[in-house]
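Chemist: Next come the chains, spelled out residue by residue.
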Amino acid sequence: MKLTLRVWRQQNAEAPGAMATYEVDGISRDMSFLEMLDTLNEELILAGDEPVAFDHDCREGICGACSLVINGDAHGPERTTTCQLHMRSFQDGDTIDVEPWRASAFPVVKDLVVDRSAFDRIIQSGGYISAPTGTAPDAHATPVPKPDADFAFEHAECIGCGACVAACPNGSAMLFTSAKVNHLNVLPQGTPERETRVLDMVATMDDEGFGGCTLTGECATACPKGIPLPSIAAMNKEWLRATRKVRR
Amino acid sequence: MTRTLWDSSVGKKTIMAVSGLIMLGYLVAHMVGNLKIFFGPGEFDRYAHWLRTMGDPVLHYSWGLWLVRVVLVAAVVLHGVSAYQLSRRDIKARPAKYVHTKPRASYATRTMRWGGVILALFIVWHILDLTTGTVHSGGFQEGHPYQNVVDTFSTWYGNVIYIVAVLAMGLHVQHGFWSAAQTLGVGNATRDRVLKTLANLLAAVLTLGFVSVPVAVMTGVVS
Ligand code: SF4
Ligand code: FES
Chain H
1 MKLTLRVWRQ QNAEAPGAMA TYEVDGISRD MSFLEMLDTL NEELILAGDE PVAFDHDCRE
61 GICGACSLVI NGDAHGPERT TTCQLHMRSF QDGDTIDVEP WRASAFPVVK DLVVDRSAFD
121 RIIQSGGYIS APTGTAPDAH ATPVPKPDAD FAFEHAECIG CGACVAACPN GSAMLFTSAK
181 VNHLNVLPQG TPERETRVLD MVATMDDEGF GGCTLTGECA TACPKGIPLP SIAAMNKEWL
241 RATRKVRR
Chain C
1 MTRTLWDSSV GKKTIMAVSG LIMLGYLVAH MVGNLKIFFG PGEFDRYAHW LRTMGDPVLH
61 YSWGLWLVRV VLVAAVVLHG VSAYQLSRRD IKARPAKYVH TKPRASYATR TMRWGGVILA
121 LFIVWHILDL TTGTVHSGGF QEGHPYQNVV DTFSTWYGNV IYIVAVLAMG LHVQHGFWSA
181 AQTLGVGNAT RDRVLKTLAN LLAAVLTLGF VSVPVAVMTG VVS
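As you go down the protein sequences, you meet chains H and C in turn. Residue 130 in the working numbering sits at position 130 of the first sequence; the count goes up by one each step and never skips. Residue 145 in the working numbering sits at position 145 of the second sequence; the count goes up by one each step and never skips.
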């Protein structure tokens, strides 16, 4: 495949950026999107140019490191992570626009790399449980009803990639935060911090400069792990409950 | 780190949801009341008068109506100020646009902000037109709402302003009602379809009910 890439290039956080155009040839349909970028970078290095910086780690769709807005879609046209997106989703001769996540809470570090540490700070403020140290408890020591376990697992799937924020017209982190809150709040292990967790994580989310939710639904469409939009309603419910409880 | 409703984006959305539902409840009552116009001037004007004697003899003349007005003004102000502040936050959170843009979100969702502004301006005009009579076309007659309504909808601009505003209201309710349910935590995966249907139904019934009055005047059914 022969492709035209228009890629966001930005020297560092302060420098102004712009789209730069590159031609790549000999791309296999079985390559992942990141391998295609590797090919581009090899050519850039051989030509003595600076390679395009982009985030990646596991390349198997589980770590949440890869990002990229491809032709206006976070993680590209398929519902998966960019590392699991294959070039067969594109046509020979296509022009592909590649941009970084856009949100003021995710400042660009370089080219396509953004700083997602705001997510870490949201996690730090409540994404933990209190557990006694010592030997691991028996797996069946704390019974969890099946529907609750399913609900927790569904939300535990969030890999913290930030596609929800990138897709949201308000740069809101509600889907991510709701995944983290719902995952722990439904479980008996998460109960001691049930109220403080949701209050603190929502407060940190606000402080980090993420926008609010207007129920546009772009986040859930973009999420590679299928965290559903009603998760946000579930978190709102937890938040209102916690507000009532803590007031008392 | 507990915060008041006002200090949290989720809390402010709650305020918007509750104030929006109060206004929605009022809209339903207002629309149903409007339909009395189809029973002629006698019944419509008597209904309008009853609005002022509502709650009698406990309440003094027009106290009931003023109570409703105070609640509504509070709801409008809270809704508007929250919307303005949340919108500022949203715009600040997403300063850089994507080069490659796609049409996103439904029309109702995208028009919430400007639709809301249109509705606020409409309310001002609507009160000056049919409550105080300040900008009324022709002679405004206190206590004769039937004639006043017919006058307003006998002008082209009266019809245009009203119908545009009612359509904006319909869109606003369609997204707003469903959103309010999510904000208040009522929504979940199984209830989602019911809530969406209810939102569409409310929007459709309100739009048709309100539009029926100018259409009736234009076609001579009400004159
Ligand atoms: S909710 Fe989905 S899109 Fe958002 S960070 Fe988690 S996995 Fe990524
Ligand atoms: S590189 Fe780990 S999810 Fe894509």
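Don't take every hint at face value.
Pair by pair, the computed Cβ-Cβ distance ranges are [what the hints assert, rightly or not]:
{"no.": "1", "chain 1": "H", "residue 1": "N41", "chain 2": "C", "residue 2": "A105", "range": "29 to 39 Å"}
{"no.": "2", "chain 1": "C", "residue 1": "S106", "chain 2": "H", "residue 2": "E78", "range": "18 to 28 Å"}
{"no.": "3", "chain 1": "C", "residue 1": "V68", "chain 2": "H", "residue 2": "T191", "range": "24 to 34 Å"}
{"no.": "4", "chain 1": "C", "residue 1": "A96", "chain 2": "H", "residue 2": "D49", "range": "23 to 33 Å"}
{"no.": "5", "chain 1": "C", "residue 1": "V81", "chain 2": "H", "residue 2": "T191", "range": "54 to 64 Å"}
{"no.": "6", "chain 1": "H", "residue 1": "P137", "chain 2": "C", "residue 2": "V99", "range": "21 to 31 Å"}
{"no.": "7", "chain 1": "H", "residue 1": "Q189", "chain 2": "C", "residue 2": "V124", "range": "52 to 62 Å"}
{"no.": "8", "chain 1": "H", "residue 1": "A18", "chain 2": "C", "residue 2": "W6", "range": "38 to 48 Å"}
{"no.": "9", "chain 1": "H", "residue 1": "H140", "chain 2": "C", "residue 2": "L208", "range": "55 to 65 Å"}
{"no.": "10", "chain 1": "H", "residue 1": "R244", "chain 2": "C", "residue 2": "G143", "range": "42 to 52 Å"}
{"no.": "11", "chain 1": "C", "residue 1": "K36", "chain 2": "H", "residue 2": "P188", "range": "49 to 59 Å"}
{"no.": "12", "chain 1": "H", "residue 1": "E78", "chain 2": "C", "residue 2": "A189", "range": "18 to 28 Å"}
{"no.": "13", "chain 1": "H", "residue 1": "A139", "chain 2": "C", "residue 2": "L208", "range": "50 to 60 Å"}
Derived by calculation from the structure, the hints in this document are not laboratory data. We put the CB at the ideal spot given by N, CA and C, even for glycine.
Chemist: A separate judgement is required for each hint: does it hold in the structure or not?
Modeler: Results of checking the hints against the structure:
1. At roughly 35 Å, the beta carbons of N41 of chain H and A105 of chain C sit within the given window of 29 to 39 Å.
2. For S106 of chain C paired with E78 of chain H, a C-beta distance near 23 Å keeps the hint of 18 to 28 Å intact.
3. Between V68 of chain C and T191 of chain H the CB atoms are about 44 Å apart, so this pair departs from the stated range of 24 to 34 Å.
4. In this structure the supplied range 23 to 33 Å holds for A96 of chain C paired with D49 of chain H, their Cβ-Cβ distance being about 25 Å.
5. Taking the beta carbon of each, V81 of chain C and T191 of chain H are about 36 Å apart, not inside 54 to 64 Å as hinted.
6. For P137 of chain H and V99 of chain C, the hinted distance range of 21 to 31 Å is not satisfied, since their beta carbons lie about 52 Å from each other.
7. The given range of 52 to 62 Å is respected by Q189 of chain H and V124 of chain C, whose C-beta atoms sit roughly 54 Å from each other.
8. At roughly 41 Å, the beta carbons of A18 of chain H and W6 of chain C sit within the given window of 38 to 48 Å.
9. About 58 Å separates the C-beta atoms of H140 of chain H and L208 of chain C, a value consistent with the hinted range of 55 to 65 Å.
10. Checked against the hint of 42 to 52 Å, the pair R244 of chain H and G143 of chain C passes, with Cβ atoms roughly 47 Å apart.
11. For the pair K36 of chain C and P188 of chain H, the beta carbons lie near 57 Å from each other, so the given range of 49 to 59 Å is met.
12. In this structure, E78 of chain H and A189 of chain C meet the distance hint of 18 to 28 Å, their C-beta atoms being roughly 23 Å apart.
13. The beta-carbon spacing between A139 of chain H and L208 of chain C, approximately 59 Å, falls within the hinted interval of 50 to 60 Å.
Hints 3, 5 and 6, counting from the list given before, are not met by this structure.
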